[in-house]
Amino acid sequence: MSYDTTVDADGDGTWDDHTIESDGSGGYNILVDQNGDGQTDFVGHDHDGDGLIESAEYDNDFDGKFETHTGDTNGNGWQDREVADRNHDGNTDLAGVDTNEDGTFDHVVADNNYNGRADTVYDDRNLDEKYDSVKTDSDEDGQWNTTTDANYDGNFDTVHYGDASQNPYNAV
Amino acid sequence: MSEFDFDHDGSADHGITADYSDGHSETVVDTNHDGFADYAGTDADGDGNDEVGYTHQYGAGHDLDTATIDRDDDGDADQQLGDRNHDGRFDTNSLDRNDDQRVDAVYADDNYDGVVDHSTLDRNFDGNADFDAKDYDQDGQANVTTTDSNFDGNYDTVHYGDTETNPLAGQSPNPFANN
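Line by line, the protein sequences give chains A and B.
If you count the first sequence from 1, position 139 lands on 139 in our numbering, and the numbers rise without skipping.
If you count the second sequence from 1, position 147 lands on 147 in our numbering, and the numbers rise without skipping.
Simulated from the structure, these hints should not be mistaken for lab results.
Check the hints yourself; a few may be wrong.
[To be verified] Within a straight-line C-alpha distance of at most 30 Å, the following computed DSBU-like cross-link-like pairs (lysine-lysine) qualify:
id: 1; chain 1: A; residue 1: 130; chain 2: A; residue 2: 65
id: 2; chain 1: A; residue 1: 135; chain 2: B; residue 2: 134
id: 3; chain 1: A; residue 1: 135; chain 2: A; residue 2: 65
id: 4; chain 1: B; residue 1: 134; chain 2: A; residue 2: 65
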């Protein structure tokens with residue numbers, strides 16, 4: 001097998017050591033152990049053998065189960081969409097997009113209580129690969145509270161209570 | 001927020017007014033006849049309106065701890081300075097910036113060290129406070145700023161502007177952290 005490719009599974013800008021195996025239908029699977037625990041936690045799929053990974057499976061929480069599926073929507077090899085079933089109940093509970101393909105999904109919608117409704121939105125508004133806005137609707141009444149890093153210094157510093165029922169300053 | 005006004009009964013049986021040849025007058029009033037002045041005011045231009053009046057507003061005793069000021073001499077008070085702890089220094093400054101007879105800005109030195117550490121504003125002049133900033137460690141960065149962003153009468157946003165005391169500092173959300 002003369003096939004090889006490069007892979008940066010976690011998007012940190014460093015190529016990862018990897019293992020290649022044939023997928024049995026003309027393509028290849030690229031296996032990476034991101035955290036060095038001896039277990040594969042990333043499997044990239046190069047279905048046409050052109051050296052670019054079209055889709056991938058991630059075990060982002062390193063529990064031995066691949067809960068996240070990613071895709072490359074523009075054919076450049078970068079995984080720019082993700083969906084995940086973090087609790088392995090068969091239902092998608094997270095979806096994200098990496099708009100600038102920097103390796104961080106900069107807009108992520110999640111169902112953190114796994115009831116089938118989105119309740120949290122993570123955003124990297126300035127695309128510096130750190131989330132600086134988290135919107136939550138924990139009681140799922142359609143009113144959202146937003147925690148932000150207003151000055152992008154890496155620390156959240158502002159909370160806007162858009163849900164009047166959860167506003168501790170209400171009527172003060 | 002609140003209202004302020006010159007607070008005295010200047011009727012003849014309670015007060016004394018001294019008129020001076022330069023046109024200004026000074027009034028001292030002992031409303032309750034206890035021997036202590038309850039009001040002392042100055043009318044610098046003799047137009048009948050005191051520009052500054054001193055009263056007792058805070059705590060026990062008879063200190064004239066509050067100065068009510070009519071800065072534009074239109075007969076309505078538009079600033080009030082208070083010495084809440086009677087240490088001889090004003091520690092609150094309340095303003096009526098748009099002359100609607102309502103307080104719309106208050107700057108206070110809550111720990112009485114001579115430096116303003118607490119500001120409250122009614123930014124849209126609707127009578128409700130909608131901005132409150134406290135710099136309790138007095139490093140020049142407000143520790144907590146609360147605002148009423150939609151002016152509905154309820155504070156709804158809190159901003160921690162001082163990294164040293166920001167309770168949210170160090171949080172790094174990860175959608176995959178707790179599965």
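Hints and how they fare:
no. : hint              : result
1   : 130(A) <-> 65(A)  : holds (25 Å)
2   : 135(A) <-> 134(B) : holds (26 Å)
3   : 135(A) <-> 65(A)  : holds (27 Å)
4   : 134(B) <-> 65(A)  : violated (49 Å)
Hint 4 from the earlier list is the only one contradicted by this structure; the remaining hints agree with it.
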